[in-house]
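Trainee: Each chain, letter by letter, is given below.
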Amino acid sequence: MTTAFIADVRRCADIDQGHNGLLRLFADSYGLQALLAYRLGRYLLRAGRRYYLWPLLLVCWPIYYVLSRCARVAYDIRLELSADIGPGFYVGHFGAIRVRRCRIGANCSIGQLTTISAAADGRGPVIGDRVWIGAHTQIVGPHRVGSDATVGAGSVVQGDIPARALCLGNPARLVRHNYNNRRILRLREAVAYPDHADGHDLPLVSVIIPAYKAEAYIHETLESVFCQTYHNFEVILINDGSPDTEEFERAIAPYRDRIVYIRQENRGPSAARNAGIHRARGEYLAFLDSDDAWYPTCLAAQVELALSRQPRCDLVYSDVLVYLDSQERRYRISSTSGSHPSPEPAVRRAAKSRGGGIRYSDICPSLGPATFESLLREDCQAPTSCTMVRRQAAISAGLFDENLRRAEDYDLWLRIAHRASNMAYAREVLGKNRVVPGSLSHDNLKMLEGVVDVLRKLSTSLDLSASERSVLQNKLAAAEAQVELERGKASLLDGKYDQALASLRAAGSLLANTKLRLAQLGLKFAPRLTRAIVGAWLTGKR
Amino acid sequence: MSPHHAEVDALNSAPITFAQALEQFVRQFAADARFYHGLTRAGPGSPAWTALRNRGLWLLTSHRVAHFCVRRRNLRSPVWWIARLCKSFGAGFNVLCCRSQLADDCEIDGVAYLSNHGYLLCSALSIGSGSLIHDRCTFGHSVAGGGAGLPAIGKDVWIGPDCVIAGPLTVGDGATVLPGTVLTFSVPPRAVVKGNPARIVRTDFDNSQLRRSLSIVLDVATDN
Chain E
1 MTTAFIADVR
11 RCADIDQGHN
21 GLLRLFADSY
31 GLQALLAYRL
41 GRYLLRAGRR
51 YYLWPLLLVC
61 WPIYYVLSRC
71 ARVAYDIRLE
81 LSADIGPGFY
91 VGHFGAIRVR
101 RCRIGANCSI
111 GQLTTISAAA
121 DGRGPVIGDR
131 VWIGAHTQIV
141 GPHRVGSDAT
151 VGAGSVVQGD
161 IPARALCLGN
171 PARLVRHNYN
181 NRRILRLREA
191 VAYPDHADGH
201 DLPLVSVIIP
211 AYKAEAYIHE
221 TLESVFCQTY
231 HNFEVILIND
241 GSPDTEEFER
251 AIAPYRDRIV
261 YIRQENRGPS
271 AARNAGIHRA
281 RGEYLAFLDS
291 DDAWYPTCLA
301 AQVELALSRQ
311 PRCDLVYSDV
321 LVYLDSQERR
331 YRISSTSGSH
341 PSPEPAVRRA
351 AKSRGGGIRY
361 SDICPSLGPA
371 TFESLLREDC
381 QAPTSCTMVR
391 RQAAISAGLF
401 DENLRRAEDY
411 DLWLRIAHRA
421 SNMAYAREVL
431 GKNRVVPGSL
441 SHDNLKMLEG
451 VVDVLRKLST
461 SLDLSASERS
471 VLQNKLAAAE
481 AQVELERGKA
491 SLLDGKYDQA
501 LASLRAAGSL
511 LANTKLRLAQ
521 LGLKFAPRLT
531 RAIVGAWLTG
541 KR
Chain U
543 MSPHHAEVDA
553 LNSAPITFAQ
563 ALEQFVRQFA
573 ADARFYHGLT
583 RAGPGSPAWT
593 ALRNRGLWLL
603 TSHRVAHFCV
613 RRRNLRSPVW
623 WIARLCKSFG
633 AGFNVLCCRS
643 QLADDCEIDG
653 VAYLSNHGYL
663 LCSALSIGSG
673 SLIHDRCTFG
683 HSVAGGGAGL
693 PAIGKDVWIG
703 PDCVIAGPLT
713 VGDGATVLPG
723 TVLTFSVPPR
733 AVVKGNPARI
743 VRTDFDNSQL
753 RRSLSIVLDV
763 ATDN
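Line by line, the protein sequences give chains E and U. Going letter by letter, the first sequence gives residues 1 to 542 in the working numbering. Going letter by letter, the second sequence gives residues 543 to 766 in the working numbering.
In silico contact screen, one side only, chain E against chain U (beta carbon under 8 Å); selected entries:
| no. | residue |
| --- | --- |
| 1 | Tyr-75 |
| 2 | Asp-76 |
| 3 | Gly-95 |
| 4 | Gln-112 |
| 5 | Ile-184 |
Calculated from the structure, these hints are not laboratory results. Positions of the beta carbon are idealized from the N, C-alpha and C atoms, including for glycine.
Model the full assembly from the supplied sequences, consistent with the hints where possible.
Mentor: What follows is the structure in structure tokens.
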């Protein structure tokens, strides 16, 4: 509390250059008074965990209550405790300032009549460091504002704002890309641009983007890369023999001088990524699919996490937002890399109820530390588009297997993990993953078959310990059962009852499941009726 | 320095007695109260009652005192010291009771309506007589735009709620700024501006109807 508040006071004194002493400064800065109450409240929230501080809380909570009430009644500044505000916060003037359910980085400024809060669904904005937010601004909903961005007065933010951008208007439009807001934030030089921001001692990251029939999405994808708050990266874009090469090259023309562009015959995503890895010079490889996008802080957060361990992490991954695309996608590279059920029904439900996406971790939660076994058990799952790998680790693990068309990333993560690597997981949502409506049941089956292939291959090729082998065997059996189940469902719906029965029997020997037994019984005696019931149940689930 | 300021500076040297100052103040206050009374037309029919219930008038009155202090600084005059004392209380009073801030050196010649609901943060150079300024407005520097300078508001201007007027610009006499405008350029007389970013939607519009009451008629200038 004290360090954060001292930073606030320092910031306020920097801005209010002509103040006459700290006491006078405090009396004149209404925002500082509100911040005092806020910082006290946040401290008390944290102190509640320590029982020996409870007597203190008994005295301090009423003080907090009175202070925050005063700030609200006198100046109408509401900094609620649900907001997470970084140190060095400055509130300009007073009146109708509402900050709740959001995260704000260090050294930000806001003006009067500003609302920063969550939308009705409870997901709030995330605002980076050193952001200047003008008066009369509204940032409501799960928008991300990159570090060093500037939001002009009167703006109504209705989408993500990249780092260092200047946005104005209602709805807020991007006016300038590289706007230096250091002067208006009135930050001291050292605070405004920390030494490492230039990236001299930070690792180079090679961003590898395989593309196939991606003309419609590539602009958004590349834009999300060039908006990163982390600047030390190179982009390698591999055109995997796409039939729409002409339009594609037209779409990427504005970026051609900033990227490495490779064209090759169509050999699948694995081969395309491998070609990119051969060309890469960076210490880390970050993979991004051509129809997905990153949030502005993606690389910065992942690099920070990777460097936070000693030795540096070999594999870092994070949560992504999976959302339903309204447009039909013609080709898709796998969006999930395991045998978990396809996320589509869940995403569809989320889209229906909340009008947005769903976190990847809601479908495939990452529990516990990321190790080889937890990856194998799928306690932890890395999405392709938000995973960063050390180049040396990928090369010594043997790159992507070009024979695999599905789950090839799962295969590589497992091989990297097996070499006693250290891995880390960022719980933040750092990217967006498109899912297309359509018949994913068919897709799901192929994905499961891919997983079975991977596990079969690994069980012979890797040198496993006894416990790892047993985990792998269990996983393989479960995946095979899932495949049989999916096959059974598919052939049942197609009306091939004999095949369906055989598949379900095979699945039933591995999965003890009452529903499955009932389905088998039904199939034996009343196949058509069962087909109707199962069909109705499956569509209902979707 | 504008000619207006030079004129005021010439006045600075002229001594002012307590009776003169009080008379000036009361006359001004009566004029303001009559203006507010004409606009609001509510409550019992005396201007005194209007003076009590209009917070915009409190703001205007305390601004008169503060303005006197800034413009007629004279350490030897007891009148100035009394005004200075009132000004110190007035700043806090404005924030706590009127929920507004008005820069001390803003020239308001004649009477202007300032919102009763507050949230007005005004550091304009001048506000012309007969102007109407609704609540939740901000006049000041254009910070992100980079230009240092303050706006000057002309006579008979109507400014709707939620407006931001920022930068070194002039709002011409008789102009109309529709609600929610973010204005960063000068507006010619009798023009209508709206939107964020602002644009001029009409060039010759008579806003005397609008300025007759406090009701906001939104469809006045939406065509063209």
